[in-house]
Structure formats: structure tokens, C-alpha cells
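Enquirer: Listed here are the chains, written in short residue letters.
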Amino acid sequence: MNLKVFSIDLKNKKRLIPQVLTLLSIVLLLSYFTFNAQVNMDNRGIAFGFGFLTQEASFDIGFSLIDYDGSDSYARAFLVGLLNTLLVSVIGIFFATLIGVTVGIGRLSSNYLVAKFSEVYVEVFRNIPLLLQLFFWYFAALRALPLPEEAINFNDISYLTVKGWYVPKFIWTNFSIFIYSFLAAIVAIIFVSKHAKKQREEFGKHVPLFYIGTALLFILPTLSFLVGGVTLKFEIPVLEQMSATIFNFKGGVSIIPELMSLAMALSMYTATFIAENVRAGILGIGKGQKEAAASIGLTKTQILKLVVLPQALRIIIPPTTNQYLNLTKNSSLAAAIAYPDIVLVFAGTALMQTGRAIEIVSITMGTYLLISISISSFMNWYNQSVAIKEK
Amino acid sequence: MSNIIELKNVNKWFDKFQVLKEINLEVKPKEKIVVCGPSGSGKSTLIRCINRLEIHQEGSIVVDGKEISEKTKNIENIRAEVGMVFQQFNLFPHLSILDNCSLAPIWVKKLPKKQAEELAMENLKRVQIEDQAIKFPGQLSGGQQQRAAIARALCMEPKIMLFDEPTSALDPEMIKEVLDVMVDLAKGGMTMIVVTHEMGFAKEVADNMIFMDEGRIVERAKTNDFFENPKSERTKLFLSQIL
Amino acid sequence: MNLIIFKPNKENLSKYLVLGISLLSIGFIDIFSNTFLNFNITSFFPGIISYLSPLLLGSIGLYFIRIEYSGSKTLDAINKNLNSSNFNAILSLIVIFVIIKYIPSLLNWVFFDANFIGSAKEDCTGDGACWIFVKVWFNRFMYGMYPDTEQWRINISFLTLFTSIGAIFVLPQKFKKYIILFLLFIFPLIALNLISGGIFGLKLIRTGSWGGLSLTFIVSAFALIFCFPIGVFLALGRRSDLPAIKYSSIGFIELWRGVPLITVLFMSAVMFPMFLPDGTYMDKLMRVIIAITLFEAAYMAEVVRGGLQALSRGQYDAAKSLGMGYWRMHFLIILPQALKLVIPGIANTFLALVKDTPLIFVVGLLELAGMIGLAKTNPEWLGMAAEGYVFAAFVFWIICFAMSRYSQNLEKKLSTER
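Protein chains in written order, with numbering that gives the first Met the number 0: chain A, 0 to 390; chain B, 0 to 242; chain C, 0 to 417.
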């Protein structure tokens, strides 16, 4: 009896000791840091706390999606930075996917030129640091754009200059009705697809869902214009002379070169990784799958929709979502060219002004961490729900 | 009885290499043909030309009265009548066995889902794996997967079944279960063209034997004559190697 | 109606060839004259047709020469690779025309109109790239603000590094262990002391003056050497069945992977000093190297974990049944195999590390990209941003491309060994 208890104890000790040691050292390290931080902050006369967030920020931000001026709080400044980060990330993700899918498919083309071109694209833009690509676009390429008086003119509606890309401003009345019409179209499409599925399963009738869906997407919003009281006016940028030698555009919306170069660099760099993922996904579907699908009489479109894409997407989506995450994190390079994202606005300017290093850096890192974890959880959920079952 | 498959003077090249030379073949309904020969002789290519998974450059191929050529619109209609079973099974891994079988009836024959699933279960019963219907291909053994593949092809109610070395990728103990299904199918009156090395199966089921070598049909004979009195030297050599 | 009319076949091939090639040639002449002579031969057509005329002519020409097997090697090669369908024909033409339109002017800028000889900005004529800028600043780009007279110290350190690495490949097995130990433990100390100086009569040069490509290498080398073992330990920790260790590893890894490197560098510059006792000063460069090392170690941990997971259970079972303990099993059996499996992933992480080093500009350290940023604001050399960044991009590209090619070869070599 006694010996048994003793041997169990020994086994547990072997497992327990390393864990206790690890936890102990972590706790010790953290306490050491906290103690020093406390001392340092006392010496500087700052107290740890997040109250500074409500203080007046008293600095301007060059580009913002929402209204902001110097009298707003630090919290609002943080929000502006966050929105700017999300804006450039979404634009980057959109174009990176577009370019990446095209280049990925291009690499598999039977056309020698297209395949080589895509290969060169991937090898060039993947092996140059993102920061350098950003610097090149911002300091070299976009600086070569003309001054406003000699802007590159797109049909007198939009102008590309070294100060930014001026596009017409959309002035809506009853914008909400327009949005409702879109939502209505989407709801309608959902209903139609449910109906189509029922028709197919019960009667074998195939409803042309694609055409109906596209039609709905066009017709309902158009209706909102015709009978819904929605109007859209455009404010076109106009060249004005500010002084003897300085011209500028008034009106319209200006897309600043910082945003443009950051979006371009992020898209073109991330596209290389997405292209490789797409290529791996398509290659991962053996030839036999397509042949078997063809042999039972499926058309090319049906083969793509029912057999190839479901399998390819399972291979492509997880690493691509990882790339989207990387793109969002890489948007922090905005600090290098003064695009006001979270890092520049909050961990840069706000930190300099308030000296609250620990709080600010924690909030910034915490925000990114939150974004990462949400995307990882989504990825885990997706992987589990579509996992191909094996023995 | 007119021919259900007719190949006249079919020639095919892969780049410069000629893989089918002056192939002439006639298949009557309900006929069972076994094609044998050394590897690289063009046997697989031959049957893959029949459902146009491979494209022939010269000659004519007529299946059930319809000519197969580049001018054929909707080759899918012809493929729906010709079932094919592959060496590597090629089941769709992301769909259950039941869905694998009911996919084409739903999307090509436009059957209602219930009817398609009943048809699928019927054919799965025929190959004796109806209890695996809700499982996925990755969860089945090789023999079960191949039988499921046969069921999938049968669900389109084809007039002709093509088999491309159906048992070559199977472990020995599973070959019999697949061959039994094929024998059953033959006895049921299906027109079959089978590329295989299983001579026992050939003797039991085939009406006619075809021996191919280097892209040509070297010998064609009724099964008994083929095995007992092979005419060509090459046939004799081949038979002596595998029997 | 099927437009399979006027298609060439073996008999009338020569007639169609002549027709097709002439149309193609007209298309090419059109685009050449447009680009180089600024002369539009199809200007009598309305705007858009005239713009697209090379494309139209070219695709019709290619249609006429499209034949499956003609017997002529070149014709078949062109047809198979560039002309297998109308869509492919148009794509090929677009690619060729884009190349014709833009590559010559690019080459002009880089080579033909560029200035290589001279010593001041005035020597640049302005049409092409002013490579004189790179020539004049080359020393700074390589060594940063490190004094010219002391640069031999950096050179010797790197020479030693490269020869030791080369020796690993050349020398027989029993010496390899010693060289690796030397590289991991002794060499860093020697190199650090040699480069910073302050002993043995060598002039002290603070890390703030280090810069340029040599700084890129120093940071990369240190981070590479140390992130690898740390990553391996983290991966083992994550797979441990002792919950405290497992969850601490997971927390550590996910923390570093979830945040951008810039924020980590910010943290090392601004937040980290708060965690040290008042008055202690840790060298900026060391803080940065620690930050990058820990950051990349988290990614390395995930890569190694992939290898550990991919290894079949049978290997673990066999090692255990032979009586091996945890550490022996991992060092002798598991890790050698797992690491071999994920060589591409490891190489990728190394590559990412090198590409991440330019970010240290946020703490005021100027490696290659940072030095170029500094140089281009020099009042005597304004407007040289393009030349500077193209040069830096080129240098990085060569390094990264070589690394990725090497890892691909290594992977191939090791897989055929099996």
C-alpha cells in the first residue's frame, strides 16, 4: 500500500517540478518588470492609468475618415488611426487578392509568356523587403507625378497629381434608402437561392440563379433611384490658383499619396504569397478528379463549381487568410511614410506627447492582437467545418 | 444488330509519338471485350478516346450512333451514356459516398434529390456497400472505394461501361470483391470494355479478347480461341509471360 | 455558325503561313513605329481601332498559322506555347507589346542613358540614372557611419564568418561539430568586441555609428543564430503535455505572432527601458536584436511544430521502445527528421527575417535602407531617391533570391538522399 502511494507521488513530482519552475520564473520576471516600471514612473511623476485617453489630443491628423480636430480626445485620435489602418488594409486585401489570383492562375497557364511573366513577378516582388517597395513607390514613383497645374487628366472628372489623386465626391440624398435597396437585393437573392435549391431537390428543375441574382443586384438599387427618392450628385475637383505659383484642387475627395503608396506596396507584395497559395491549391487537385467528373457527364462549369473549387478552396483559404493578417500587420509600416495609422497616430504622436509608454504600447499591441485572434478563430472554425473526413 | 461503338482507322499522336495506329474496332450491344497488352501499348488511350478524355487526330469514332469529333457539341451528353471506372478510383473526397453517386443524376439528369438518392442507394446495394453510404471516401478501404466508383458510374444508367485497369491499384485481398461486382454487371447484360491483366476474369466474362502492342491491335479473337490458339507470335509471348 | 473557316492544314500550310506571318509583321511594325518613331501607320482609322490595330492584326495573323502538328520544330513550339487558342494568342501579343513599349525606356534609364563616371551631382546629365550617387555614397551604404579607418575590423569579422561557414561544408564530419560550436558561442563574442572596440587599444565605436549593409548582416546573423534554438524549444514546449509549459509556450508564441514587428521594436525602444531598473542602459542595438530574435523565434516555433506534427507516431514509439528519454529521443531521432521536413519553412523564416531588418529605422539605427533615406536628404544630393532605392532593392533581391534558390536546392538534395 505504502509503496504504491510513494511511486505515484514520485511520478507526479517529475511532472510537477518543471511546471512549478516555469511558472515561478515567469511570475518572478513579471514582478521584476512591474516593480521597476512602478519605480520609473514614480520618478517621472506619471501614474499608471488610462485616464489620459479623455484628455484633449491637441494635434491634427492629416487624413481621417471621420470628423476630427485637435480638440478631440486621445481616444478619438485612436479611433481615427484605427479606421485608417482598416481602410488601407481592406483596400490592400482587395487588390492583393485580385492580383494574387490572376498571377497564381497565370503561373499555371499553358502560354509560355504568361507563365514566365507571372513567375518573374513573384520572384521579384517577393524578394524585395516590403519597406523598400514602400519607399520606392512613395519617394520615387509617386514623386514623379506632375504638379496640379499639369495633372494627369481622366476625362475631366479625376486628376492624378503629386499631391494626391483627386476624385469626385459622392453627394447623396437618401443614402440610407440606397443601402436598404442593396440589402433588399441581398435578402431577395438569399430567398431565391433557397427556392432554387428546393426546386432542384424536389423536382429536378434548375433555376438560373446567376442571372436572376445579377439582375436583382442591378434592378433593385436602380429602382431606389427611380422611385425611392435617391439622388447622386458629383462634386468634381476644380483647379484653383492659390497664389502666384501655387495651384491646387478644390472640392472632390483627395486620395493622399501616402495611402496610395502604402496600398500599392501592400497589395503587390502580399499578392506574391497569395499567388503561390492559389497555385498550390489548383495543383493540389489531381488530374483524375477532373477526368472522373468529366466521365460522368458534368459540364466544364459544373466540374469547376462542384468538384474543383470546393477542394481547391480548402487548400487555398487557410494560408491566404494568414496573408490577409500579415497584410494588416504590415500596414503598420505606415509609420515610415507618415500615413496616419494606429502606430503613427497613437504609438507615435500620442506617446510622444503624453509619455505614457506602457499604456499606449499595450493598447496598440492589444488591438493588433485582437484582430489576429479573431481571424485565427475564424480560421480554426472554417478548417474544422470543411475538414475532409479521413480514417 | 448494329454496332454500339465503332472505331474506323483511328490514329493518335502525343506530340511526335504515335500512340494509336490504324485502330479498327466494332462493339455490339451487350458485348464484353477485354483489352490486354504490355504497358505503353495504348490500351488506356484507346478507351479514353471513346469518351473523349483523349482526342484522336485521325479516323472516326462513333458511339451509339453519334460521332465523336471536335465538331461534337455537348460531349457531356455522350459521356453521360458511357460510364468509366479509373485505376485510381477518383472519388470526390469532399463528398460522402451517397453524394458522390447522386451528384451527376442531380446536376446532369436533373433528377429530384430524393429520386437521385434512391437511385444511388440502389446501385450501392448492387455493389454491396450500402452501409457505407454516409461515409467519406477517405474512410473506406481501396476495394470499397472502387466499388463505390463503379456504383457512381452506374448511377448515370450508362449503355456502356469502360474499365481502365480497375484492380491494378488494389491490394490482392480486395481484387476479388471488385471483380465479383464486375462479373455480376456482365451477367446483367452491360456492354463492357475492360483493360486489365486479370486473365481469370477475362476467361469467365469476355466474349472477345483484344491484344494490343505498340499502338496496334495485334490480335482479336473470341475468348476461347484467343487463349487456346493465339495466332501471332507476340500474343503467344505475352500470354506466356502473364499466365 | 462555326467560324472554322480558313484554317490551315498540312496541304495549304505554306499559303496560310505567308498570310499569317505578313499580318503579324504588320502588327509588329505598327507597334514599333508607334513606340520608337512616334508615327502611327494606322492613323486613318478612328481612335480606338488605331490604338488596337497591332493587337487585331497580330491575332488574325496568329489565327492563320495555328496548326496542331506541322512538322517544323519552331512553328510547333510557337503554336503550343503561345498560340494554342485565340485567348492565348491575344495574351501573348499583349505581353510582347507591353514589353516592347516599356522595357526599352526602362533599360535606357538603368543602363544606356545612365551616368557611371564622375564624382559630384553635376556630373549627372539627368536623362538616366545617376549611379554616381551610389558610387560616392557606397562606403556609407556598406558601413554606415563607421569610421573609414576602422572598417577593416568589420571586414575581418565577416571574412571569419564566411570562411567558417564555408568550412562546415568542406571539412570532414568530426570537425563540423567544433566549427558549429565556435560559430554559436565563441565567434559572436569575438566579433562583437572586435567591431565595437574599447579593448586591446581598438578605438571604441558606439553601436549608434554602425550602419549600412554590414549592420543588416550583423542584425540578421545574430537573430538567425539565436531565434532557431529558441524556436525549437518553444515548439517542443507547445507540444508538451505538461499544461503549465504548454500554455506558457502557446501564450508566448501567439503574443509575438499577433503583433506587427514595428510595434515590437517600438516596445523595445520605448517601453522596455521602463522595465529595467532606473539608470541601467541597455545598448539600443542589443535591445533591437533581442526583440527581433524573440519575434522571429515565435514564427520559427510554428514552422518546427509543423515538422514535429508531420512525423509519424511510429518514430516516437520506436525511440521510446528503445528506452530513450525525452531529450535523447528528440535530439537523436525526432528533431533531425522533423527539421529536414520543414527546411522550406525554416528558409522562409530566415528570408522574412532578412527582409524585416530595414524596420530598425524606427529606433534610429540605419541599416542599408535607412542609410539611403539619410543620403537622399543630403542637400548636395537631393532627388536621388529612385537611384538609391533601386540600388537597395537590387542588393536585397540578390541576397534573398540566392537564399531561396539555395533552400530549394537543399530541399531537392535532401529529398533524393532518402
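Keep in mind the hints are simulated off the structure, nothing from the lab.
Just so you know, not all the hints are guaranteed correct.
[Claimed, not checked] Computed list of lysine to aspartate or glutamate pairs in EDC-like fashion (alpha-carbon distance at most 16 Å, straight line):
id, chain 1, residue 1, chain 2, residue 2
1, B, LYS109, A, GLU200
2, B, LYS112, A, GLU201
3, A, LYS13, C, ASP240
4, B, LYS15, C, ASP75
5, A, LYS289, B, GLU53
[As the list claims (entries may be wrong)] Pair by pair, the computed Cβ-Cβ distance ranges are:
id, chain 1, residue 1, chain 2, residue 2, range
6, C, ASN138, A, GLU234, 39 to 47 Å
7, B, ASP170, C, GLY305, 45 to 53 Å
8, C, ILE289, A, GLY250, 50 to 58 Å
9, A, MET351, C, ILE289, 21 to 29 Å
10, A, LYS232, C, GLY305, 20 to 28 Å
11, C, PHE168, B, SER231, 36 to 44 Å
12, C, ASP75, A, GLY250, 58 to 66 Å
13, C, PHE330, B, ASP170, 32 to 40 Å
14, C, ASN107, A, ILE254, 25 to 33 Å
15, B, SER68, C, LEU106, 45 to 53 Å
16, A, LEU182, C, PHE44, 21 to 29 Å
[Stated by the list, open to error] So these bits of chain C aren't anywhere near chain A, every CB distance computed over 12 Å:
id, residue
17, ILE48
18, GLY165
19, ASP277
20, SER403
These figures come from a predicted structure and were not determined experimentally.
C-beta atoms are modelled at their ideal positions from N, C-alpha and C, and glycine is treated no differently.
Enquirer: Now, for every hint given, state plainly whether the structure supports it.
Expert: Structure-based check of each hint:
1. LYS109(B) to GLU200(A): holds, 9 Å
2. LYS112(B) to GLU201(A): holds, 6 Å
3. LYS13(A) to ASP240(C): holds, 12 Å
4. LYS15(B) to ASP75(C): holds, 11 Å
5. LYS289(A) to GLU53(B): This hinted pair holds, its Cα atoms lying about 13 Å apart.
6. ASN138(C) to GLU234(A): 39 to 47 Å: Violated: the Cβ-Cβ distance is about 53 Å, outside 39 to 47 Å.
7. ASP170(B) to GLY305(C): 45 to 53 Å: At 31 Å between Cβs, range violated.
8. ILE289(C) to GLY250(A): 50 to 58 Å: holds, 51 Å
9. MET351(A) to ILE289(C): 21 to 29 Å: holds, 24 Å
10. LYS232(A) to GLY305(C): 20 to 28 Å: Once the Cβ atoms are compared, 55 Å apart, the range 20 to 28 Å for GLY305(C) and LYS232(A) is violated.
11. PHE168(C) to SER231(B): 36 to 44 Å: violated, 59 Å
12. ASP75(C) to GLY250(A): 58 to 66 Å: For GLY250(A) against ASP75(C), whose Cβ atoms are near 60 Å apart, the range 58 to 66 Å holds.
13. PHE330(C) to ASP170(B): 32 to 40 Å: holds, 38 Å
14. ASN107(C) to ILE254(A): 25 to 33 Å: holds, 31 Å
15. SER68(B) to LEU106(C): 45 to 53 Å: With Cβ atoms ~49 Å apart, the hint holds.
16. LEU182(A) to PHE44(C): 21 to 29 Å: violated, 47 Å
17. ILE48: holds, 20 Å
18. GLY165: GLY165(C) clear of chain A: closest Cβ-Cβ about 23 Å, beyond 12 Å.
19. ASP277: violated, 5 Å
20. SER403: violated, 7 Å
Taken one by one, the earlier hints fail for this structure at numbers 6, 7, 10, 11, 16, 19 and 20, listed in ascending order.
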